[in-house]
Amino acid sequence: MSWQGQVLRVNLTAGTCEAEPLNTKWAQEYLGERGLATKYLWENMDPKADSMSPENVLIFATGPLTGTMASTSGRYVVVTKGPLTGAIACSNSGGKFGAELKYAGYDLLLIEGRSEEPVYLLIQDERVTLEPADEIWGTTVWNTEEWIRSKHSNPQLKVATIGVAGEQGVRYAAVINDLHRAAGRSGVGAVMGSKNLKAVATRGTRGVAVKDPVRFMEAVNHAKKILVDSSGRAALTKYGTNEMLTTQQAFGGLPTRNFQEVQFEGADNIDAAAMLKIAEDGHRNLVTNRACFGCTIACGRIAHIREDHFTIVNRKEYWHASGGLEYETAFAVGSAVGVDDIDACTFAGYLTNEHGLDPISFGVTLAAAMELYEMGVITKEDTDGVELTFGNAEALTIMVEKTGKHEGFGQVLGMGSKRMCEKYGHPELSMSVKGQEFAGYDSRALQGMGLGYATGNRGACHLKHDTFAEDYDDQTGTGKAEPCKKSQDRQAAVDSTGVCMFVDWETKDFAAQIDAACEGNWDAGRLIQTGERIWNLERMFNLAAGFTAADDTLPDRLLKDPCPSGTAKGRVNELDKMLPEYYSLRGWTNDGRPTSETLERLGLD
Amino acid sequence: MADRRQRLWRDWGWTDLVQLNVKLIGRLTDFGRGDGAITLPDEVTINDVLSELGIVQEEVGPVSLNNSVVSRACWGDRTLQEGDHLTLMPPLKGG
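The listed protein sequences derive, respectively, from chains C and P.
FYI, my numbering numbers position 26 of the first sequence as 26, with every residue one higher than the one before it.
Basically my numbering = 1-based index in the second sequence + 1000.
Simulated from the structure, these hints should not be mistaken for laboratory data.
Keep in mind it's a predicted model, so treat the numbers as computed, not measured.
Please note that the accuracy of each hint is not assured.
What the hints assert, rightly or not - Using 27 Å as the maximum straight-line C-alpha spacing, the simulated BS3-like pairs for lysine-lysine come out as follows: (1) C:K96 / P:K1093; (2) C:K224 / C:K211; (3) C:K238 / P:K1023.
Could you build all of it, start to finish, from the sequences and the hints given here?
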């Protein structure tokens, strides 16, 4: 129980939709969501396949706790081979879609092949159909969601969809569900577009069952009490994730102007306090906060742009409240591009949701383009006449729209920073690992973050490890490899449960809920070993796809250019010290391959 | 406020005082009596400052002293000097 016991396999080439039994052996080994989807990907495709080809497999996966009474149980994940990196992609999202897919009766939705014509997938419990999407192909995320609900006269349908960016193969196109929530990273939306699949709409009425309801509710209530009493939870509710911007500004880890600097003089204008500030005329950027399914944190932001702001003064369709700035968006369309206009940043955030873009990769790619422009490598002739200088808020909003619609210079930005910088002969300006752009942390100030970036299976990523405590305590590379490895394993397990990483529970608190909900005996040790197995399987996928240890690196800017200010002034990232220790702790060879003993220990041989 | 507290410390017999500049970041501004200039007896430690401000250690992440990170292990024995700038930040994780 807790698992629904079914996988929905959709072959878009053949036009078939068939439910099949969940492989329960794999569920015991990989739990669910990220882990189970990784195993199904590994078993169902050749890692060498082109990410945009019909041979790539796209998986939507829930976890065993998704849709249950557990707090924050609305999570699902999209796993595929990512077009931004060529590595395994694993993008996690909240909202309500994941729980609805589970209620329809499916642990995983596995999509193969490519449809000849644009379609969307309609899942209503056991009734599953592929529907023509001609009328919504070429439209935005927001229009698509509304159109599908209207078409089926069912406001209860939960929709995950792509915008034009996904249709046109923007390398960091996202899958957006519930209007504002994103499986954002690595271009999972572009894979969906390559399959001519516009959207998945689902409504489920089957509910979920757990193994031991009484014990499960005891474990759930205990975990909820932890959240209630947590001051960190209270701060997330009040400030959202954008409190981080103020902290990184003070610490000196806030990437600014394409990571040339680590502190931004305009930070006070776009941080969480700025969102809360009430202007003389009564306007406040933040309207309210919002929770995902089953969430008792509610970190989501709903914001409002001044109606007389240049971005929307003549566009009344944006006068409504919509998804507001979260930290990664605020950094990427704020400090990374040198823009401190909160309404322009909020508008850029709106458009990344509306058109289905990863705001991190968009912002960091635009930052690289701005540096190229200021160096004179590209000119107005390349940028459709736009003066692409750092700090130009109008340029930001023009370019996010062009990228979302795949028009003009937006097509170049849609390549991602690695391909774009290579095109213009300056690959060193791409702030990325394995082709995926950095999140909002400079790894000269946060050394363990740099190791996590370099070894990230989906490329640069801040969500798959947690070395913040160690990075805040010491700014050398010493003592970072072990917490990086351990937290990667733990996070892989957490990402496989179906709940949010923000719960901040101890591993035993997760285990108590899993053990009461699922078959098998689950404790903290088993969860951690499951996470390690998942991490190594992701690594094997990447090795099979052609990646090597040489890809576990950082740009020279972070390895050679001293940090210009802040607490880490003068430092560079000490990856050369951390990486060999990390490989050793992982049980990998010096060239980053799991040894036969490691594979055998994890049951991966 | 600073002058009144300074008189208070002197009334209690402390004659050697130091003035510190304390900056609170994010949620820490919601705790205690706020930041700015603060006068305390000399040989004061970072933990003493936290106590004075009404902030428990677990609520604090990175601490920088004159723009250098101070390890948590040193908060109890690192004495502060006249004019030191202390920045206290919340223990935020990514997301």
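Evaluation of the provided hints:
1. C:K96 / P:K1093: The given pair, whose Cα atoms are some 24 Å apart, holds under the 27 Å limit.
2. C:K224 / C:K211: holds (20 Å)
3. C:K238 / P:K1023: holds (20 Å)
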